[in-house]
Amino acid sequence: MKTISKLGMVAALAGSLFLASCAGSYYVAEQPVEPVYVRPVSPYAGAVWVDGDWGYSGGRYVYRRGYWARPRAGRAYVSGGWVHSNRGYAWRRGHWR
Numbered sequence: 020m021k022t023i024s025k026l027g028m029v030a031a032l033a034g035s036l037f038l039a040s041c042a043g044s045y046y047v048a049e050q051p052v053e054p055v056y057v058r059p060v061s062p063y064a065g066a067v068w069v070d071g072d073w074g075y076s077g078g079r080y081v082y083r084r085g086y087w088a089r090p091r092a093g094r095a096y097v098s099g100g101w102v103h104s105n106r107g108y109a110w111r112r113g114h115w116r
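Take the sequence shown: its position 17, counting from 1, is numbered 36 in this note's numbering, and each next residue is one higher.
Calculated from the structure, these hints are not laboratory results. Be a bit skeptical, because a hint or two may be false.
Beta-carbon label-pair distances, calculated as ranges [said to hold, decoys possible]:
(1) Y63 <-> G107: 33 to 43 Å
(2) Y82 <-> G43: 15 to 25 Å
(3) S104 <-> Y63: 35 to 45 Å
(4) A64 <-> N105: 44 to 54 Å
No residue lacks a Cβ here, since even glycine has one placed at the ideal position from N, Cα and C.
Using the sequences provided together with the hints, build the complete structure.
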């Protein structure tokens with residue numbers, strides 16, 4: 020019985036991860052204005068600044084401030100940006116490449 024219970028929990032977790040990865044883009048008529056703030060001083064040598072990001076929450080885009088991160092070996096951070104289409108504007112998230 021415990022095995023069936025564990026299998027059910029694993030299946031539920033896998034299903035929820037699958038559905039979360041299928042989340043589509045959210046479109047708005049006008050891209051939101053990015054708040055102005057001063058970038059803090061680097062906490063250590065070699066730190067990489069990760070630009071602020073927009074997340075869709077509560078029916079609107081919400082801005083999350085940038086932060087300093089340790090660089091990933093052999094990778095560079097690519098900033099996110101707004102993409103315009105006939106449906107409106109959608110945020111393309113930043114990522115490590």
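Taking the beta carbons of S104 and Y63, is their distance inside 35 to 45 Å? holds (40 Å)
When you take the CB atoms of A64 and N105, is the distance between them in 44 to 54 Å? Since the Cβ atoms of A64 and N105 sit about 46 Å apart, the hinted range of 44 to 54 Å holds.
Quiz item: Is it true that the C-beta distance of Y63 to G107 lies inside 33 to 43 Å, as the hint says?
Solution: holds (40 Å)
Practice prompt. Take a look at whether the Cβ-Cβ distance between Y82 and G43 falls inside 15 to 25 Å.
Written response: Holds: the Cβ-Cβ distance is about 20 Å, inside 15 to 25 Å.
Every hint from the earlier list agrees with this structure, and none is contradicted.
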